[in-house]
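Here the protein sequences line up with chains A and B, keeping their order. For the first sequence, full-length UniProt numbering begins at 1 and goes up steadily by one. For the second sequence, full-length UniProt numbering begins at 1 and goes up steadily by one.
Wrong hints could be hidden among the right ones.
Computed cross-link-like contacts, SDA-like style, restricted to lysine to any residue with a CA-CA straight-line distance of at most 25 Å [to be verified]:
(1) A:Lys111 - A:Phe124
(2) A:Lys111 - B:Leu3
(3) A:Lys144 - B:Phe24
(4) A:Lys248 - B:Leu3
(5) A:Lys117 - A:Phe131
(6) B:Lys23 - A:Asn133
Computed footprint of chain B on chain A; a stretch qualifies when at least three of its residues, placed anywhere within it, have a C-beta under 8 Å from a C-beta of chain B [as the list claims (entries may be wrong)]:
(7) 40-54
(8) 69-75
Keep in mind that the hints were calculated from the coordinates and are not lab data. Bear in mind the structure is a predicted one, so any value in this text is a computation, not a measurement. Cβ atoms here follow ideal geometry from the backbone N, Cα and C, with glycine treated the same way.
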Amino acid sequence: MASESSGRTFQEYLEHHLQNLVYGPLPAGHERKFYAKGSDEAGKEVYCQDKNLNYDGEKYCNETLTENGWYLANNKTDVEAMGFWALHIDTMFFSVLLGGLFLFIFARAAKNFSLDKPTKLQLFIEMMIDFINGVVKGTFKSAKNTLVAPMALTIFAWVLLMNLMDLVPVDLIPYPAELLGIPYLKVVPTTDLNLTASLALSVFVLYLFFSIKSKGFVGFIKSISLHPFGPWMLPANLFIEIIDLLAKPLSLALRLYGNLYAGEMIFLLIAGMVSIELTQLTIAGLGLNLAGIGLSLIWAIFHILIVVLQAFIFMMLTVVYMNMAHEKFEQH
Amino acid sequence: MNLNATLLGQMIAFGLFVWFCWKFVWPPLLAAMEERAQTIEQGLKDSEESAKKIIDAEEQGKKMLAEAKTEAKKIMDNAKNQSEKIVEESKNKATEEKERIVGSAQSEIEKEVVNAKKTLEKDFASSVMSAVKKIVAKEVSMSNYQDTVDKSLDEFRK
Numbered sequence: 001m002a003s004e005s006s007g008r009t010f011q012e013y014l015e016h017h018l019q020n021l022v023y024g025p026l027p028a029g030h031e032r033k034f035y036a037k038g039s040d041e042a043g044k045e046v047y048c049q050d051k052n053l054n055y056d057g058e059k060y061c062n063e064t065l066t067e068n069g070w071y072l073a074n075n076k077t078d079v080e081a082m083g084f085w086a087l088h089i090d091t092m093f094f095s096v097l098l099g100g101l102f103l104f105i106f107a108r109a110a111k112n113f114s115l116d117k118p119t120k121l122q123l124f125i126e127m128m129i130d131f132i133n134g135v136v137k138g139t140f141k142s143a144k145n146t147l148v149a150p151m152a153l154t155i156f157a158w159v160l161l162m163n164l165m166d167l168v169p170v171d172l173i174p175y176p177a178e179l180l181g182i183p184y185l186k187v188v189p190t191t192d193l194n195l196t197a198s199l200a201l202s203v204f205v206l207y208l209f210f211s212i213k214s215k216g217f218v219g220f221i222k223s224i225s226l227h228p229f230g231p232w233m234l235p236a237n238l239f240i241e242i243i244d245l246l247a248k249p250l251s252l253a254l255r256l257y258g259n260l261y262a263g264e265m266i267f268l269l270i271a272g273m274v275s276i277e278l279t280q281l282t283i284a285g286l287g288l289n290l291a292g293i294g295l296s297l298i299w300a301i302f303h304i305l306i307v308v309l310q311a312f313i314f315m316m317l318t319v320v321y322m323n324m325a326h327e328k329f330e331q332h
Numbered sequence: 001m002n003l004n005a006t007l008l009g010q011m012i013a014f015g016l017f018v019w020f021c022w023k024f025v026w027p028p029l030l031a032a033m034e035e036r037a038q039t040i041e042q043g044l045k046d047s048e049e050s051a052k053k054i055i056d057a058e059e060q061g062k063k064m065l066a067e068a069k070t071e072a073k074k075i076m077d078n079a080k081n082q083s084e085k086i087v088e089e090s091k092n093k094a095t096e097e098k099e100r101i102v103g104s105a106q107s108e109i110e111k112e113v114v115n116a117k118k119t120l121e122k123d124f125a126s127s128v129m130s131a132v133k134k135i136v137a138k139e140v141s142m143s144n145y146q147d148t149v150d151k152s153l154d155e156f157r158k
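With the rest of the complex left out, here is chain A:
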């Protein structure tokens, strides 16, 4: 839909939608490129000159940086030049916004909790608490740990809210944002590997912490070196157990990321079928439009399932891993 209106090819439209808004350091001498707006060569040149930039004769205005500094990335080369110390502003913004929303609603419900006159919101929140509590009590059977249940609630609610952003039509927020001068915007934080990996890594760190806390350091080493073949096959045990260990955060991060990224991708592909250039509309084009609208509806309905399921799976696996961390070392 935005592909034609902003003069992009469908390929560029896809790439644009899959690029985060990155803020990071750029070194002196780096050449930045800006998309030149204008209907013809002269117009584009004027556009570039207005901004004190050089027009490259094709599509972009160029700017060569004279000193190091922090900039918003404008394209892939900027992002690559920024390296590790760059922030995805959009991911941070939407995730913190949604996390804050979740905590705000729940904390307010906790503050205004009424024993005999519950509001509907309170009933919903009680249902959530009851649900998480049931899952945690059913799965996490070992030592007393008050952190697991609230963490499970945070993960479930937060991931669910972030996943639900996937159901917002793909151009609804990025397109107006672009008109306001924000070059890129990804509104679904869980389609950013950074976010899913950060959750998985946090869970992994807690897993290691509680493992060592409950088994002791020696016990933990034993648990990864003496399984599953016994002491005489120690290298093989280590190999298997370390892969098993590392697979936990990796699978957590990639499962959520993969599901949501793929879902978003399909929304984008379907959106590519829809055109609002009425002057070029043919019968076939009309059919494609209707098919696109129908398909996006069907995919959105189906996606509700994925959204909730992935949030639940992430939460459930976290609880399972926490339970494993608290299990005492046993000789098989």
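The hints should help you fit chain B onto chain A, whose structure is shown.
Chain B alone, transformed into the frame defined by chain A:
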């Protein structure tokens, strides 16, 4: 999709969220819900107890009613017996009184009869004597016929 500092930023954000939820959201909500569950449980228990109490009270009431009934019956029986006894006694007394009165009347009558007989005897003897005296004085001396008179008097007495 490349990994960068966002990863660290998100880990910090996640840590803060979990900490906040752990400290300020989960415990009060869970505590409140448990309090409600306890209140409901207590209420159910109380109502069960009071239902039991009502049943107990009903039974006690029935028992008391039954006792009162037997008591009343006893009292009524007693009263009946008593009254019967009184009637019986008074009947007996009346019969006795009657017998006594009848007896005394009879003896009175007998006495009267004896008295009457005596008086009659005396009167009759003296009148006979006077009549005889009158007759005899005219015809014979009294002494000659004393024996005959006595004899006839004896015969009369018999």
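| For the segment 40-54 of chain A, do three or more residues have a beta carbon lying closer than 8 Å to a beta carbon of chain B? | Since three or more residues must qualify, the claim that chain B covers the segment 40-54 of chain A is violated, with 0 doing so at under 8 Å.
| task | Take the C-alpha atoms of A:Lys111 and B:Leu3, compute the straight-line distance between them, and say whether it is at most 25 Å. | result | violated, 38 Å
| said: Tell me if the straight-line CA distance from A:Lys117 to A:Phe131 falls inside 25 Å. | reply: holds, 21 Å
| Straight-line alpha-carbon gap A:Lys111 to A:Phe124, limit 25 Å | Holds: A:Lys111 and A:Phe124 sit about 15 Å apart, inside 25 Å.
| Cβ contact check, 8 Å cutoff: the segment 69-75 of chain A against chain B, three residues minimum | Our answer is that it is violated, as 0 residues pass the Cβ test (under 8 Å) against chain B, missing three.
| task | Would you check the hint for B:Lys23 and A:Asn133, treating anything up to 25 Å between C-alpha atoms as holding? | result | holds, 16 Å
| Between A:Lys248 and B:Leu3, is the straight-line Cα distance small enough, at 25 Å or below? | holds, 18 Å
| task | Starting from A:Lys144, check that the Cα of B:Phe24 is at most 25 Å away, please. | result | holds, 19 Å
Hint compliance for this structure: hints 2, 7, 8 are not met, and every other hint is.
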